[in-house]
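Undergrad: Please arrange chains B and C on chain A, whose structure you already have, making use of the hints.
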Amino acid sequence: MSGTALLEVDSLCSGYGALQVLFDVSFRVDTGEVVALMGSNGAGKTTTLKTITGQLRVNSGTIIYDGADIGGTPAELLVRRGIALVPEGRGMLRDLTVAQNLELGAYVVKDPAKVAEGFDRAYEVFPILGERREQKAGTLSGGQQQMLAIARALMSGPRLLLVDEASLGLSPIMTETAFDFIATANRTAGVAVLIVEQNVLALDLAQRAYVLEKGQVVDVAEGKAVRAMQGRLREAYLGKSH
Amino acid sequence: MPLRRPEFEQAWERLSTWLRDPARAAITVGLAAALLAPAFPGVRSSTLNILAGVAAIAIAALGLDVLVGRTGQLSLAHAAFAGVGAFATIGVGGRGAPWPLALLAGVIATALVATIAGLPALRIRGLQVAIVTLALQLAAEKFVYPDDDLTGASLALDRPALLSSPKALYFFAIACVAGVLVLRRRLGVTRGGRALLAVRDIELRATAFGVEPAAAKLGAYTLSGAITGLAGAILAFKESPGAISDTSPFALLQSLLLVAIVVVGGAGSGAGIVLAALFLNGVPQIFTGFGRDAPLLSALLLVAAVVLQPAGVGGFLTAISQRLRRRAGERPDPRPRLVDLGAADASAAALRDVPRGLSLRMPAPALLEATDVSVRYGGVTALVDVSLEVRTGEIVGLIGANGAGKSTFFNAASGFAPTTGSIRYRNVELLEQPAARRTSFGLARTFQDMGLVRAETVRENVLLAQTWLAKYPAAAGLLALGATLSTERDLRRRADAALELFGLDHLAEERLGDLPYGTMRIVEIASAVAAGPDLLLLDEATAGLGPEESQALGDRFLALREELGLTLVVIEHHVPLIARVCDWCYCLESGALIADGRPNEVTADARVIESFLGRSAAATGGRKR
Amino acid sequence: MAELITGLSSGAAYALMAVGVVLVFRCTRALSIAQGEIGAFGFFLGLRWADRGIPLLGWHPPRFATLLIAVVVGGLIGFVVERLVMRPLVRRPPLDALIATLGIALFLALLELRLFGTATQFAPSAVGEWKIELFGATLVASRVIGIVLAAAVAGALYVFFTRTKFGLAVQATTGDPTVARLLGVPVNQVYRFAWVSAGMLSGVAAALLGPSFGGLTPFGQTEFALRALAGSVIGGLDSVSGAIIGSLIVGVVEAYGKAHAGPGVDSLLVLGLVLVTLLVRPKGLFGATAAA
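The listed protein sequences correspond, in order, to chains A, B and C.
Count along the first sequence from 1, add 11, and you get the number used in our numbering.
Count along the second sequence from 1, add 97, and you get the number used in our numbering.
Count along the third sequence from 1, add 11, and you get the number used in our numbering.
These are computed hints drawn from the structure, not numbers from a lab.
Only a predicted model underlies this, so the values are computations on that prediction, with no experimental measurement involved.
Each hint should be verified, as a subset may be incorrect.
[Claimed, not checked] Derived pair list, reagent style DSSO-like, types lysine-lysine, alpha-carbon separation capped at 30 Å:
hint : chain 1 : residue 1 : chain 2 : residue 2
1    : A       : Lys147    : C       : Lys294
2    : A       : Lys61     : C       : Lys176
3    : C       : Lys176    : A       : Lys125
Here chain A stands alone, though its shape is the one from the complex (with noise of 0.2 Å):
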């Protein structure tokens, strides 16, 4: 499966309003594999996840999904065509319950069975949701949380999985965990998958990553080349270098 371009982003420039944040920006994501996209705070990770969502206007490049450029798409109708998000802060549904929330995930999926079926899968990948299964999102820990925004996101059976900052607000721990669930989701569907983060562990499960900084693609690793970046990463934060 692997080796066809699912997304390719091409030269993307946007931002907000008159505040450029992305110069140039290019990656891509094959078919079923976990591509990184690193950087620190306001390095623009977010933005480019928001102008792949169509939630921020490109200003010049594409975006190709699948053979069409969705750029400027809006999030709705991106779900339709298999792609989904997991957005910063786990964009919980707070009074609604466990299940309500996967039940949201599947919206745009028509057929009962297939519905039915993304259920006994979550609940199986993720059994502590089927035991909370009704119980509002809001009273789940914040791991539990981006376990259920994961399940979520997987209910809508996408092609394209973008996760945003997985890591954020989590313990060492957690993050982990949350880390697992995106390998397992890629394992078990089938999923491309993009992590955007900042914590340098999500270079463990991904075959291909960038570093963004400034708005800017700094630095392209691939396969063995991924663990090196991650050392170089490490020291970067860590400050050895300096």
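TA: Just chains B and C, lined up with the frame of chain A:
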């Protein structure tokens, strides 16, 4: 003595620069037109009488806008307030008191009623305030208007000799409009008005600047009521001799019209509101050709104004002004200039000296000493028994993962969180002190998500941060009494010094919200410094800055210590910066302190690496791929 | 006891309109004070058509049809208002939306004055003139139907919110419109649904209950709508059942006030009730979020 040519040219130059602001131009031209109006052919005394009424409506709308524009609260009871003003004027004047006294009675009575009406706003906000005022309006209509004793319908107000002709009344009303515009202008440039903006946009943080939100809000109601009472008094004199028999000018519909005038005119814009009053209230009365359709059109205009031009006529004027400035090529570079810190001595000197609310004698080596500090929100514990100290002249780093409790510690120290334990500052227990008072001790802070008013200019924000230094009473500020003018001049000098120190002086007149995020953060630090602290708490100062800018900010931290003798606590994710500038470093995890020491020791600590920096290479190595 | 029954029956009338207010608030976070006029406009149009015939067609609809016309026109106004006015305001501060609905109420009321005149329109009841006796209170047909309808609407909405997919979409939109959009929920349809159904409910309320309240006058609707608003504020602006219970409380308090303390005092009691509720419990009795 004839004016010499250069002098004339100079004056003309100054006048034309002053007039380049369309709002000012509108007011100047409008005032000139208003004063000349009686001389225009075809203007009959009946027209002047109508225009005097329009002026009263404009004043009431300007009064309403003190609430809407400055505090963001909507009142649907302002027609009733105007009614109170008119009834009180008649009640006092009708019993034989001289007319200035009657007028004053109208103003004071309305100010009192409005202040009482403002009490619920201390507990509720937004839509709920609108509902409560709606209830007040209806209650007034039901219980006050039908009562002849309360409305003074049985009394007769004499028309004072001074206002006997329609022309005299007209000029009086115009003078009142001008007076109210001046008063609003004073509000904008003194502490009272700044406090209101802070309460409107950043209410929960306003105390960090020494603002008392409750007093500010009630003050806004008082002022709004006083102005609206003046409008009522003018209406009473307009109907004199005799009393007011028709209460429809004070009915709910009129309250709604006042709201419409403010919205169409643009909240906060005096010129826009006066124009809107003329257009929505005056034009239909003068040009009766529209007939019955006029109110219909104004209702439609109101809806269209809200949808299409959120800032109303005032917003339109501002847009023109901005376009003019852009055309003149006055668009400044939105980034802070790089300042040669050595050369900024003068600015630093201007900022150094401020009074303190406590003894400056240092009783202990620690400037700030926290012992067993815990913070609980409901069932969630955000901070558990944290003890740390900050010594005078240190730069202390506070690190830890998101949600570890770093900002919560700042909140505890600055009075924004329910805290147990003890935080002593210069050996004074901070937890016993109200938040606004801690500012006067010399504590200043920034917020992770910006605690400034985006809709205001950079300089206004720095002035806002200095509110606690403006010691004159807010009311004195409005009337430019006492030390107001000299204090404001000093504060402005301090503000400019702070802006210069951070290389922001060329951006002083820019709207804060128009600047890049990184620049906004620097403005916030500059504001905190302008407040004259000894201890500065900076929450994620470098978020949104690139590596070079972070580097430059680090230099500035060091300079703040050198030049101003500040002690700094910085929450920071950028480890190289911590390593470079910090003398000591604390690391939090899940609300508890897990490490402290010199930065290089802390960043080498296994638990710190685990919790904050990411796992060590050894731990990652065991992971299956 | 008689006051209780009369109070509950007028409370049911307020409830029908209050539910519309709550639907709009839940889905769009806008507080609409235009509901009274939206309903009344359709009702007046129905009366005019029953009286003079539908323009061009010349057909005089039967009395019962005034109800249908009020419902359809109310829904149509809701549709237009949502699309042209409220949708651009969704992301703006809630006061903007409040002021917009205020302008709409003003516009419709003035239009009513322009088209139908200032005379009180004494309308025959759309559902007949029969009445029943209950615990010493006399209830005319429209009030009985009003109570039944309010109960039916409450039940239907409960089922709708908890059992249907679109109900779930509404709940998601209430929770977080941005997240709902990301999940593929057609958020704009939810907004449209709220305004159209609120308009229709207002139409029902106006047509059914206008007559039994002694005829409708242009602007007179504001008073009626304010009672409904009071009910929804007391109950909690985002709770359908809260709005119904709040409206019933308003109706009962008003009936007792009228019977025992004289005219005028009833309004004061209702206003006091709103004030006390807001100060003691800003969210309302059953609300989850405070109107900010």
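Undergrad: Does each hint hold? Answer for all of them.
TA: Results of checking the hints against the structure:
no.	hint	result
1	Lys147(A) <-> Lys294(C)	holds (20 Å)
2	Lys61(A) <-> Lys176(C)	holds (27 Å)
3	Lys176(C) <-> Lys125(A)	holds (15 Å)
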